[in-house]
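Work the whole structure out from these sequences, hints included.
Those sequence lines, one after another, are chains A and B. Residue numbers for the first sequence follow UniProt numbering, beginning at 1 and rising by one. Residue numbers for the second sequence follow UniProt numbering, beginning at 1 and rising by one.
Since the hints were derived computationally from the structure, they do not count as laboratory data. Using N, Cα and C, we set each Cβ at its ideal position, and we do this for glycine too. Take these hints with a grain of salt, some might be off.
Covered stretches of chain B (chain A as the covering partner; in silico rule of three or more C-beta atoms under 8 angstroms from a C-beta of chain A) [said to hold, decoys possible]:
(1) 16-30
(2) 37-44
(3) 86-98
Below, simulated EDC-like cross-link-like pairs (lysine to aspartate or glutamate); rule was C-alpha separation at most 20 angstroms, straight line [as the list claims (entries may be wrong)]:
(4) A:Lys404 / A:Asp353
(5) B:Lys25 / A:Asp170
(6) B:Lys48 / A:Asp353
(7) B:Lys64 / B:Glu6
(8) A:Lys77 / A:Glu119
(9) B:Lys48 / A:Asp16
(10) A:Lys242 / A:Glu225
(11) B:Lys25 / B:Glu102
(12) B:Lys25 / A:Glu168
(13) A:Lys242 / A:Glu216
(14) A:Lys230 / A:Glu240
(15) A:Lys463 / A:Asp353
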Amino acid sequence: MHPNLLLNISVRYWQDFQDTLARAMNANVYIFDANGDPFSRFSLPAELCQEVNKGRELRNEKCIDFYRSACGSTEDKDMLTCPYGLKLCAYRLGSYAQKIGYLIVAPAGHTTLMEREEEIAFITKAHNVYRTINEVFNAILERNLLGLRRLELNSIYEISRLMTSIVELDRVLELITNSLIIIYQADLCFVGLREGDKIRVAQGKGVRGNLLIGKEWPLVHPLIERIFSKVEPSSLSIEELKVLPGFTGTDAAPGTEIMVYPLWTALGIVGLLGIAAPVSLGDNGSKNLQIYINFAAVALANATLIRRLEREAETDFLTGFLNRRVLRDVLATELQRAARYGYHLSVIFLDIDDFKVYNDTFGHLAGDVVLQKTAELIKNSIRTTDIACRYGGEEFIIVLPGTKGGDAAKVAERIRKSIEINPFPHRRITASLGVAQAKKNDSVDSLLARADQACYQAKERGKNYLYLDPS
Amino acid sequence: MSEIIEKRIGHYETLLREMWTASSKYLGTFSVNLLVERVVWEVSLEYKEIELLQYDQNGISCAKMAARLEENPDLPVEDMFMKFITRYVEILARLLGHERAEEIRKKLDEEFAGDLSASRGE
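Take a look at the structure:
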């Protein structure tokens, strides 16, 4: 959040109000923000300042430096003498908890306030000006703060509704990080999800947040352990976080504080969420943010669980390949794509020779090892764009987009050889493979039937053989 | 509505609609509406009239604002819209990264003859 956001008021309107007040009180007024930078202009022409600055605006560097330094050392109120001899009253605006800026009240005319009575009258007048301006500022601040809280609550309400209806993990991650950056004007926001014994950053936005994506932090890392040792958020400086991979390249301003929230649900650790500490959060703001984080944790837990179930439903547990049900959808899509763009498509049907005998002789556990090893050999022989699937007990299908039958046969031969020479436990293992290239108007069933038939032909020719469908 | 007012508002309405469409392509309509709500609130601290901006899942409309401008032609529309656009693009850069936000800004800038550069004081 912009540090002066809560004081975001029209300077033009403010200047009109300030000038009217200054004329009514016959005192010169000007205001500096919390950093000591000029917020408004002189309300009345100051003779001495005019001599120095040739105008009404505060432009003289010497004056600016003086005010900045004076503002920095003003705790509550102070009596000052400017470098050109003007006596001034300085006040700190805002509350002890929230510093808004500084007010300088000067006599409207050139006077050294030598007379005691004159000085007392001026101080009384200055104090009245201070009280009025401080009240107005506090009212503006309160109004703006209420507006911000209303915005936060509306957003949380909308997001909580949406989050409970979205199950796609990517969308939930986008929604969470986008919303937090928008609501809190955060420079950085990231979400890490638990994957076994580590946290993996799944989304990062803001100042080089994308550099964090994919980084892994072990749960046993002392800093991560510290974060999960409590339910409240940890406030960590960017320097402290630099012990974690991904933060070394982050060029966030030194001293930037990151609030890191552990994400818990009844099922345990979901992950963590980091957000560059929003300015002016306050107690209510912190509670609102915590409510949001709680919703985020539940939404992430649901989406993660659903993604896992979806993956498990599509994947063969033993080999990690796609299962038979998904193969039909994948192959249908690839056939459509090949027909639309006019590229080749081939399929390899692989059957492990005499697998039943192996299973019956050496047991199912040994059979599982053969299946897993075969899957690994297939994976090592194909491209990342090829799709491997466990079709049945000891049957595998490999879909090769953009590949002619002859080239697919070369891949199949590579697989056959790698199985043949691999030292499986107990005895040698071989496989028979059939290859078929997709034809115009082929359906999933017709293409698979030809690949299956080619595999049958390979078996007929004595097993440990490769047969390319000639049609 | 006078032709000049209609033209002024129409110009900004087109610009905001383009911004809305370009950013919703990357962020989705919910996030874009949240972003608009955030920026409307910020700008409303200075210009209440920005609250007359209407926005929903289908986009942005300046119809109510145009009616208000008819009653108060002195409203500093340019300053108000430029503040809105500047803040919008600033937050957008955090969400999409500076490169993609700059892409959107440049595309809009070409279509709207330097309005956005002017808003950044270039």
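Tell me the numbers of any earlier hints that the structure contravenes, in ascending order.
Of the numbered hints, 4 and 6 do not hold.
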